[in-house]
Structure formats: C-alpha cells, structure tokens
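Chains as they are written, first to last, in full-length UniProt numbering: chain A, 1 to 569; chain B, 1 to 569.
FYI, nobody ran anything at the bench for these hints, they're computed from the structure.
Treat the hints with care, as some may be off.
It does not matter which identical chain is used: a pair holds within one copy or between any two.
Simulated pairs of lysine to aspartate or glutamate, DMTMM-like, Cα-Cα distance not exceeding 20 Å [claimed, not checked]: (1) LYS149 <-> ASP185; (2) LYS146 <-> ASP185; (3) LYS149 <-> ASP179; (4) LYS305 <-> ASP241; (5) LYS304 <-> ASP120; (6) LYS476 <-> ASP329; (7) LYS509 <-> ASP325; (8) LYS448 <-> GLU549; (9) LYS455 <-> GLU538; (10) LYS212 <-> GLU354.
Small disclaimer: the values here were computed from a predicted structure and weren't measured.
2 protein chains.
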Amino acid sequence: MSNPSDISPTPCGQTGDQTLRNHSIYTQLMETVLSFMKLMTGTSQDPALEEQKDSQASREQEALLGHLMIQTVKHLQSGVTGGHKFQLPCPSMHSRDNVRGGQQAQSSRKTCRDTFISSDLSSRGLDISSLYHSSFQDYNTYQGNKYDKKNNTLGFINLGTSENKLCIDLLTERLRRSDMNYVDDNLLQYPDWRGQPFLRKEVAQFLTTYCKAPAHLDPENVVVLNSCSSVLSSLAMVLCDPGEAFLVPTPFSSGFIFSACLYAKVELLPVHLDSWVSGANTSPFQLSVGKLEQVLFEAKMEGKKVRGLLLTNPQNPLGDVYSRDSLMDYLEFAKRYHLHVIIDEIYMLTVFDEAITFHSVLSIESLPDPSKTHVIWGTSKDFGISGLCFGALYTFNKAVASAVSSFGSLHSISSIAQYKLRQLLQDREWLDSTYLPINHFRLRTAHKYITNELKALNVPFLNRGSGLFVWINLRKYLHPCTFEEELLLHRHFLDKKLILSPGKSFMCKDPGWFRLVFADNHLLLRSAMHRFHQVLLEQERNWTRRQLEDAIEEDLLTSNTAAATNLKG
Amino acid sequence: MSNPSDISPTPCGQTGDQTLRNHSIYTQLMETVLSFMKLMTGTSQDPALEEQKDSQASREQEALLGHLMIQTVKHLQSGVTGGHKFQLPCPSMHSRDNVRGGQQAQSSRKTCRDTFISSDLSSRGLDISSLYHSSFQDYNTYQGNKYDKKNNTLGFINLGTSENKLCIDLLTERLRRSDMNYVDDNLLQYPDWRGQPFLRKEVAQFLTTYCKAPAHLDPENVVVLNSCSSVLSSLAMVLCDPGEAFLVPTPFSSGFIFSACLYAKVELLPVHLDSWVSGANTSPFQLSVGKLEQVLFEAKMEGKKVRGLLLTNPQNPLGDVYSRDSLMDYLEFAKRYHLHVIIDEIYMLTVFDEAITFHSVLSIESLPDPSKTHVIWGTSKDFGISGLCFGALYTFNKAVASAVSSFGSLHSISSIAQYKLRQLLQDREWLDSTYLPINHFRLRTAHKYITNELKALNVPFLNRGSGLFVWINLRKYLHPCTFEEELLLHRHFLDKKLILSPGKSFMCKDPGWFRLVFADNHLLLRSAMHRFHQVLLEQERNWTRRQLEDAIEEDLLTSNTAAATNLKG
Chain A
1 MSNPSDISPT PCGQTGDQTL RNHSIYTQLM ETVLSFMKLM TGTSQDPALE EQKDSQASRE
61 QEALLGHLMI QTVKHLQSGV TGGHKFQLPC PSMHSRDNVR GGQQAQSSRK TCRDTFISSD
121 LSSRGLDISS LYHSSFQDYN TYQGNKYDKK NNTLGFINLG TSENKLCIDL LTERLRRSDM
181 NYVDDNLLQY PDWRGQPFLR KEVAQFLTTY CKAPAHLDPE NVVVLNSCSS VLSSLAMVLC
241 DPGEAFLVPT PFSSGFIFSA CLYAKVELLP VHLDSWVSGA NTSPFQLSVG KLEQVLFEAK
301 MEGKKVRGLL LTNPQNPLGD VYSRDSLMDY LEFAKRYHLH VIIDEIYMLT VFDEAITFHS
361 VLSIESLPDP SKTHVIWGTS KDFGISGLCF GALYTFNKAV ASAVSSFGSL HSISSIAQYK
421 LRQLLQDREW LDSTYLPINH FRLRTAHKYI TNELKALNVP FLNRGSGLFV WINLRKYLHP
481 CTFEEELLLH RHFLDKKLIL SPGKSFMCKD PGWFRLVFAD NHLLLRSAMH RFHQVLLEQE
541 RNWTRRQLED AIEEDLLTSN TAAATNLKG
Chain B
1 MSNPSDISPT PCGQTGDQTL RNHSIYTQLM ETVLSFMKLM TGTSQDPALE EQKDSQASRE
61 QEALLGHLMI QTVKHLQSGV TGGHKFQLPC PSMHSRDNVR GGQQAQSSRK TCRDTFISSD
121 LSSRGLDISS LYHSSFQDYN TYQGNKYDKK NNTLGFINLG TSENKLCIDL LTERLRRSDM
181 NYVDDNLLQY PDWRGQPFLR KEVAQFLTTY CKAPAHLDPE NVVVLNSCSS VLSSLAMVLC
241 DPGEAFLVPT PFSSGFIFSA CLYAKVELLP VHLDSWVSGA NTSPFQLSVG KLEQVLFEAK
301 MEGKKVRGLL LTNPQNPLGD VYSRDSLMDY LEFAKRYHLH VIIDEIYMLT VFDEAITFHS
361 VLSIESLPDP SKTHVIWGTS KDFGISGLCF GALYTFNKAV ASAVSSFGSL HSISSIAQYK
421 LRQLLQDREW LDSTYLPINH FRLRTAHKYI TNELKALNVP FLNRGSGLFV WINLRKYLHP
481 CTFEEELLLH RHFLDKKLIL SPGKSFMCKD PGWFRLVFAD NHLLLRSAMH RFHQVLLEQE
541 RNWTRRQLED AIEEDLLTSN TAAATNLKG
C-alpha cells in the first residue's frame with residue numbers, strides 16, 4: 001500500500017471505531033505500563049540521589065499503579081480483547097512514526113490527555129485524534145531530527161517506512177525534464193473522477209506490458225485515485241456492507257486495517273501463518289488453501305460474512321513472491337466460496353533477484369473468476385514517489401470500476417500529477433534501459449550489504465529477492481519471548497534513534513519479528529547497522545545482568561535458610 | 001465547495017446510506033414517471049401511425065404504470081419521506097452531469113438496472129453505484145459532445161457546474177513559468193499528512209492578508225487536503241458522531257450532502273428561507289437568528305443532536321455576502337447553543353462588485369467562540385483551478401486541526417501540486433496587479449451581459465455582485481408550479497443541450513429557481529442565452545396549447561350535454 005500506516009492489530013470482531021477506541025486505551029495503558037517499568041528498573045550511582053529517587057519513585061509508582069489499574073479495568077470492561085489476554089498497541093500509526101524516547105513519550109502522553117479533555121470533538125473525533133495525535137507528535141520529532149550524513153549524523157534513522165530512496169536522483173532528473181511542465185485547460189478544470197482518460201489509457205498499457213497480460217487491458221476497467229489506500233478503502237465500501245470481512249494472511253501491512261476500517265467498517269480476519277518450517281510447511285509463513293478454509297470455516301461458525309480475500313504479491317513484509325500454482329490455488333479457493341480477491345501488486349517491479357519470476361494476476365490467461373478479481377497498483381514503492389499520491393485499480397468488473405469511481409471526488413488526484421505520471425509511465429525507453437536496471441542493481445547491492453551484516457551478527461532473517469525490506473527474527477533477544485518484550489526492544493531501538501517496525505504491527509502471530517527497510521543510501525545503512533548492533537549487545541548485557549542478580553538473590557535466600565536452620569538446630 | 005456535486009436533497013432523519021438508497025429509488029421512480037408522461041404527451045401527424053402508437057403506447061403505459069405503482073409503494077414503504085409528500089431526485093450527482101436527453105435517459109435507465117442485478121457489489125455498493133453510474137453516463141455524454149465555438153457549436157453548453165473559465169489563459173501562463181517545474185527529494189517522499197509545511201505557511205500568510213486577519217494566522221492551524229469536500233467530510237467525522245446534525249440554510253450546494261453523509265453519516269438539517277420579501281424579510285432568502293432557533297428547537301423536539309451550523313459566504317447559489325453584523329449574529333447564536341460554525345469561504349476572492357465588502361470570519365477581532373469556528377477555503381472557484389485538487393481548513397482549535405489531519409493519508413494532495421500552489425499564492429505581485437483585477441473585470445462583464453439578457457427576457461433574478469452564477473426565477477413557466485414541473489423544464493433545457501442546475505438540487509423550498517453559471521467566454525454565453533430563450537418560448541407555446549385544448553374539450557362537453565338535454569326534451 002502507498003500508505004505507510006502501521007497501526008495496532010484489530011482484535012477479531014471489531015469495527016473500525018472500536019479499533020480506534022481500543023487503540024487509544026491500549027496506547028495509554030501501554031504508556032503507563034512502560035513508565036511504570038522504567039521507574040522500577042531505574043538506577044543511579046549516587047546513594048543520596050538513589051534514596052531521594054526511591055521515595056519519589058515509590059510515590060510515582062503508587063500513582064502510576066493506580067492509573068494502571070483504572071486503565072486495565074477500563075480495558076477489560078471494553079470487552080473486546082477478542083481472545084487476546086492482552087492487546088498491545090503498535091506505538092504509533094506509522095512505522096515512520098515509531099519514534100518515542102522517554103521525553104517524547106511524556107509529551108505524547110500529555111497531548112493524549114489534552115485531546116481526551118477536548119469537548120469540541122465528538123467521541124468518534126476523540127478516538128481518531130487520540131490515536132493519531134501522538135503519532136504526529138512522534139513524526140514531527142523525527143522530521144525535526146532526521147539523520148543527515150553531512151549535517152546531522154546523530155539524528156533519527158528511519159528503517160521503518162517502506163520507501164525506496166535509492167533512485168531519487170533518477171526520478172528527480174526525469175520529473176524535471178521540460179515535457180513534465182505542461183498545463184492546459186483540461187488539467188485545470190474538474191477532472192473525470194475515474195481518473196483522466198489519458199492516464200487510465202497509459203496505466204492499462206503499462207500493466208498490459210509489465211504484468212504480461214495475455215490481451216490488451218481496457219482503460220475503462222482502470223480507476224485512478226490519490227493512493228492505493230484510497231483504492232482499498234473504496235473497494236471495501238462497495239464490496240462489503242459494514243461489519244463484513246476480508247481474509248488476510250499475516251503478517252500484512254497494517255495500513256490495510258486503516259483503509260478497510262476507518263470508513264468502510266470492514267473487518268480483516270487474520271489468517272495466521274506459522275513462522276517455522278514443519279511437516280506441511282516447506283517454508284516459513286507459507287499460505288495454504290487449508291489455512292484459508294479453516295479461518296473461513298471458523299468465521300462462518302461465528303456468523304461472520306466473509307466477502308473476499310486480500311493478498312499482497314510480492315508480499316510485505318516477507319518479500320515472498322507467490323508461485324503461479326499457489327496463486328491459482330488461492331484464486332480457485334476464492335471462486336469455490338464466491339469470494340472477491342483483492343490483490344495488491346504495489347511491489348511488482350521491485351523484484352530485484354533475477355532468478356525470481358513474478359506472476360501478476362493480470363498475466364493469467366483464464367482467471368477462475370475475473371468478475372471478482374481486482375488488482376491494486378501504484379508508483380509509491382516501485383518508483384519511490386509516494387509524494388505524487390497515486391493509486392490505481394484494475395478490475396475486470398465494470399460495475400465495480402463504476403462504483404469505485406464514485407469515490408473519485410473525495411479521493412481525487414491533481415490532474416497535473418496525473419499528467420506527469422502519464423509522461424513517466426509512457427517513457428518506456430527510460431524505464432527499460434535506465435530506471436529499472438539501475439533500481440534493481442541498487443536494491444540488490446543494498447540488500448546484499450544488509451543481509452551480510454545480519455549474517456555476521458548471527459541474526460536469522462528471510463532471504464528474499466523482492467521488496468524494500470528484510471523480515472528479521474530477534475526472538476532470542478526477548479526474555480521472555482512476548483509482545484511486551486518485543487515492544488520494549490522496539491523502544492530500545494528508538495532510544496538509539498533507530499526506527500524499525502515490530503512484527504506485532506503486522507499482526508504477526510509470533511513475537512520477535514521486525515521489518516527492516518534497506519532501500520536507502522549506504523552511509524545511512526552503515527550507521528543504522530552500527531546502532532542496531534549496539535542495541536543487541538546491550539540487550540544481551542542486560543539479560544546476563546538480570547540472570548546474575550537472580551542467581552545471587554537465590555544464593556542469599558539459600559544461605560539465609562541454611563543459617564536459620566543452624567540457629568534452630 | 002470544490003466538489004460540483006448536486007445530489008438529491010436528504011429527507012430529514014436520514015443517514016448517508018439511506019439518502020443513497022432512497023435516491024436510487026427516487027431515480028428509478030422519476031425515470032418511470034417521466035417516461036410515462038412522455039408517452040402520455042407524445043403526438044404524431046400520421047393517423048395510422050398515431051393509431052398504432054396509441055395501442056403500443058397504451059400497452060407501454062400499462063406496463064409503466066404498473067412499474068410506477070410498485071416503485072411508489074416501495075418508496076412509501078421505505079418510510080423516509082420526512083414529511084415530503086413526494087421526494088424528487090436531482091437527475092444526477094453533478095450539476096455538470098445534468099445531461100439527459102431521451103436517449104441518455106434510456107441508457108442510464110438500462111445501466112441503472114444492470115447495476116442493480118450485479119451480485120458482485122454489496123448493498124451499500126449497489127446504492128452508491130446506482131446513484132453514480134447514471135451520473136457518469138451523463139457526464140461522459142456531455143464530455144463526448146462539449147460545445148466548442150470552432151468545432152462543435154451544437155454541443156452541450158454547461159452553465160450548471162460552478163467553474164470560473166474566464167481566466168484560464170492567465171493561470172495557464174503562470175503555471176507554465178519555470179519556477180513551477182521544481183522537484184526535490186522532499187516532494188517525492190511521503191508528505192506531512194497535514195499538508196507540506198511550506199504550503200501551510202503560505203496558506204496562513206495568504207489568508208492573513210486576503211481575509212484581513214487582525215493578527216498573523218498560525219500555519220499549525222492549517223490542514224491541507226485534496227478538496228474542500230474532503231475537508232468538510234473530515235470535519236463532519238471529527239465534530240459529530242454518526243446521526244448527529246448540522247444546520248444549513250437553504251438553498252445550499254448539495255455537494256455538502258455528499259461530503260457530510262457518505263462517510264460521516266452526518267445529517268444536514270435545512271433551515272428553509274423564504275424566497276419572497278415580506279414583513280420580517282427585507283430581502284429574499286434572508287437568514288435570521290429566529291429561523292435558526294426555530295429549526296434548532298424543532299430538531300431538539302425530535303431528539304436530534306445538532307453539533308454545528310454550516311454557512312457559505314459568499315453564498316452559493318444566491319451570491320449574497322453576509323454583512324458583518326449578520327455574521328456576528330450567527331456566530332453569537334452558535335455560541336449561545338454550543339454549536340460549531342463551519343464557514344465555507346471558497347468564493348471569498350470572487351466578489352467582483354467593488355461596492356460590496358466581504359467580511360471573512362477570520363477578519364473578526366473577537367470571535368464569540370474561536371475554538372468552535374472553522375473556515376474552509378480552496379482555489380477551485382477563486383482561481384478556477386479545480387483540477388489541482390486543493391482544499392484547506394483554518395481552525396482556531398488545534399485539537400480539531402490535529403484530528404482532521406488524521407485523514408490526510410486518505411485525502412492527500414500531491415506534493416508537486418502543493419509546491420505549485422505555494423508558488424501561486426506567494427506571487428502577490430501577479431495576484432494583485434494582474435490576476436485579481438483582470439478576473440474581477442471579466443466577471444463583471446460576463447455578469448452584466450447575462451443579467452441584461454435576463455432583464456430583456458423579463459426573467460426575475462437576484463442581482464448580486466459575487467460568485468460565478470445568477471439565481472434566476474422561472475416559476476412563471478411552470479404549470480402547475482411544482483418540483484415535477486421544475487425537473488421537466490430542466491430536462492427541456494437538456495433537450496436543447498443547455499445545462500442549468502434546478503433549485504431542488506440546492507434544497508430550495510420553492511419550485512422554479514435555477515442556478516445559471518456565467519463565468520464563461522462571451523460566444524458560449526451568447527449561444528447559451530439563445531437556447532435559453534428558445535426553451536422559454538416553447539414552454540409558453542406548450543402552455544397556451546394545453547389551455548386551448550382544455551377549453552375546446554370543455555366546449556365539446558358543454559355542447560354534448562346541451563345536445564343530450566335537447567334530445568330528452
């Protein structure tokens with residue numbers, strides 16, 4: 001998706017509003033838990049200070065404990081834990097916003113409270129605001145203190161947002177050429193809400209070529225909006241009634257939750273995949289029709305109405321590319337149960353390993369159910385130009401195209417941007433002989449550097465050849481291996497001004513996974529990996545120290561008991 | 001609003017979904033009524049044909065009558081007429097889409113049916129699609145057959161869409177200058193969802209100057225989205241919970257209904273103004289605090305929760321500009337009842353009569369309730385560049401700004417467009433010495449031409465000095481003066497390939513009013529007024545003919561009765 005949102009997972013059976021409301025509770029709850037833990041573990045060298053801090057700390061602990069209890073009760077009262085014993089929030093809406101040192105946490109807690117006491121917003125407004133306000137605080141903090149190889153080498157390094165920054169030079173040069181600066185009457189007046197005909201025509205031709213479509217794709221089946229998130233949101237609006245659901249294999253981009261819930265109130269039912277290889281699974285996070293049928297069955301048992309299956313290919317955050325056979329299996333499954341298939345192919349040109357073949361749904365000669373097959377694509381990832389705000393739908397169903405185009409006025413894209421995009425997409429010579437080969441080469445190089453570093457640090461990861469990220473496993477640094485510990489490790493990275501996306505924000509079933517974006521320049525990646533290594537070393541040191549303290553405590557206990565026994569004897 | 005939507009009025013007490021569902025019923029219902037009427041009034045010169053047509057017509061009439069009855073029953077069953085005896089639809093979503101000759105009506109009826117039988121869309125999707133599909137059919141027909149002074153003088157002339165086409169030459173020249181073709185990394189990557197800081201800064205400065213703000217406006221209070229409709233939709237999301245309401249004086253831009261209902265499910269409660277001058281009213285459609293209080297009271301009696309008042313200044317479609325005192329009265333009223341005031345000032349620079357002073361809410365030194373005062377502005381009308389898709393919010397309430405910015409990712413505007421807008425707004429020399437004076441001169445000239453024509457045709461209208469349109473009264477051409485006749489007259493214009501917006505689409509209380517947009521080139525306006533005159537002449541002719549036929553029928557009846565009496569006698 002072109003929206004980098006990484007929001008908290010939706011417990012099953014929740015509407016978007018509930019999600020937001022719970023998220024705001026979770027956010028406060030987690031803030032409190034963390035401040036509580038911080039106070040518990042705080043130490044100092046000066047005994048006087050230590051003593052003073054102790055009394056102060058104990059007072060604060062009391063206060064926080066009280067607050068924690070209230071929040072917990074509130075949380076439990078909300079009765080929407082969906083079988084989760086404890087629902088952890090992702091610290092913010094955007095992976096790029098996962099910036100929160102202690103000080104930021106303070107300020108966002110404050111603003112969170114400020115927002116809650118505002119009587120000017122509706123309950124819905126309060127929920128949305130409480131969820132976002134802190135995110136934007138964090139983002140502003142990051143924006144205000146970005147890493148810069150020349151001027152600010154101590155700033156925040158963002159390996160959380162899935163953006164391709166490796167070819168900005170090429171895109172800037174291309175977009176500055178004189179053919180881009182065109183304006184006419186048609187571009188200034190109200191556009192065709194389906195997207196300008198010239199762009200829909202070009203998108204159809206572009207997808208015909210790069211998706212290897214067996215026949216020319218029809219511009220009348222293309223709808224152009226201002227982001228892939230808007231396309232998904234609009235599809236959810238017209239394919240589902242409120243409360244209906246889509247199946248989505250996990251881990252998945254949690255921007256999906258925002259797009260499906262905020263307006264359409266469509267629930268995303270996670271199809272949890274196993275992160276380990278076992279009998280049935282020949283590879284981690286393998287999606288099988290069996291798993292899809294199991295979740296569909298459970299949903300039916302719970303009386304949920306499932307309307308579709310939402311897939312991403314190439315997969316985010318795994319980097320997997322579905323084989324043609326698997327793709328057909330999923331499409332056949334969907335047809336068997338009269339489900340729509342929405343397939344997000346936003347990374348389709350970001351397959352940099354030449355040994356891998358990407359199969360677009362649009363390349364399939366005889367689709368099982370074309371009238372229920374809908375493809376989303378945009379230029380945010382493949383061209384690294386998220387700032388142009390462009391997302392496109394290709395559907396074989398004209399009724400769906402027409403219904404989605406109804407949202408064109410609220411999710412419209414500037415005609416001037418549409419013109420530039422047309423110029424870009426139609427310049428095949430530049431694409432094939434300059435942009436794509438250079439982009440793939442740079443992606444391969446950056447990927448190789450990061451994966452070699454991970455190997456050297458003995459950090460397990462999925463070694464894939466597509467996408468802008470590596471899916472890494474840090475479970476051995478979590479003691480115990482819980483999502484609470486995952487979030488603490490995430491914050492530990494933030495304290496070192498390094499932003500990664502925790503697996504929980506992708507609704508991953510098992511704690512310990514992180515998404516690390518590598519599509520950035522070498523110097524930045526080097527500093528990032530240095531910070532990364534520092535955090536892992538500290539994690540290990542802290543763990544050893546905790547074990548040692550426990551051991552000493554146990555010894556003391558034993559010797560005291562022994563002494564007591566001797567006294568008695 | 002930058003959205004030209006003109007959709008059917010919402011009967012009180014409806015959510016957005018209901019509105020859409022009812023609208024789709026109304027659309028079918030009205031299609032049927034009109035086809036029925038067409039058949040009733042159809043005549044031919046050839047008696048044989050006439051006879052044949054008669055039998056065929058009577059069969060079709062029977063079929064249509066049946067269909068009409070079913071639809072009527074369905075409609076009444078839906079029980080949402082909100083006290084209206086009969087709810088007429090505007091023929092389409094967009095005033096620019098009000099193109100429907102008989103043939104188009106056929107095709108849109110067909111597509112309407114096609115959409116209804118699609119099993120791939122949800123009920124919500126079907127409702128939205130059935131409402132829009134026909135609109136887009138119409139729009140495509142218009143787009144495919146636009147009037148052109150050189151190549152297509154018989155094409156459709158659109159005086160329905162509120163667009164300023166008088167200064168396209170100036171805007172095109174300015175937007176083509178080299179300073180516009182700038183691109184950098186920052187413009188290509190994910191933007192600040194509140195809008196790029198450089199544009200928010202410029203918007204704050206621009207509004208400070210042109211709204212004559214007593215103090216510098218704060219860029220942190222500005223949120224930039226992709227249209228004023230998106231701003232209103234987002235405000236409705238955060239200020240209201242679903243089912244809550246805003247007061248809106250009628251007539252008003254029915255794009256408001258779409259923006260408030262589709263996502264936010266906020267009801268717009270019409271404050272109906274009288275079109276005639278009487279004791280209390282010193283001018284037509286005068287808004288008074290008394291009327292506001294009356295509707296607010298009725299709403300409270302019905303248990304509705306009213307959260308705000310929605311105003312447009314300068315007013316659309318009336319062209320009125322509120323005096324400073326009236327404005328203060330409305331703001332005081334809102335404060336008294338703890339209501340938000342959303343004021344759409346999208347026509348603020350379109351006051352072309354130098355004798356009129358426009359007072360922006362932002363110019364008021366001591367606002368009664370700043371934390372509940374929110375201003376919407378964009379460049380679609382004042383600059384005639386709706387294609388750039390830009391809408392801005394200025395609110396004194398930072399919690400509201402923050403909450404609205406949460407919608408930035410789904411309603412984002414291309415950073416490249418944001419850059420061009422900044423360049424445009426900051427070029428004060430060009431604005432003050434070139435664009436604004438020339439624009440106002442051209443608006444005055446076009447307005448003078450149209451109003452002189454209307455005077456010559458003896459058509460009453462509101463003679464105002466702002467906006468892009470004239471609000472004209474054609475009630476004397478309606479026999480009887482009903483909304484059904486208003487819609488028929490509207491279709492009569494369409495049959496002559498002239499698009500005007502009927503008063504019903506602005507929720508006007510009294511039938512017979514139309515909005516005529518004059519901000520177009522002289523040759524087009526001349527052809528338009530010629531067609532306009534033709535239609536009025538035909539209306540008069542038809543009315544005389546109908547009266548004559550009735551008179552003859554009556555004579556026959558009398559003479560037959562006389563003859564029968566003589567026979568008896």
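Quick rundown of the hints versus the structure:
1. LYS149 <-> ASP185: Result: close only across copies, 15 Å inter versus 44 Å intra.
2. LYS146 <-> ASP185: between (40 Å within a copy, 14 Å between copies)
3. LYS149 <-> ASP179: neither (33 Å within a copy, 29 Å between copies)
4. LYS305 <-> ASP241: So LYS305 and ASP241 pass the 20 Å test inside one copy only (9 Å; across, 26 Å).
5. LYS304 <-> ASP120: between (36 Å within a copy, 18 Å between copies)
6. LYS476 <-> ASP329: For LYS476 and ASP329, neither the intra-copy (35 Å) nor the inter-copy (67 Å) Cα distance is at most 20 Å.
7. LYS509 <-> ASP325: neither (26 Å within a copy, 62 Å between copies)
8. LYS448 <-> GLU549: neither (40 Å within a copy, 90 Å between copies)
9. LYS455 <-> GLU538: Within one copy, since 19 Å is at most 20 Å while 85 Å is not.
10. LYS212 <-> GLU354: within (16 Å within a copy, 61 Å between copies)
Violated hints for the displayed structure, listed by number in ascending order: 3, 6, 7, 8.
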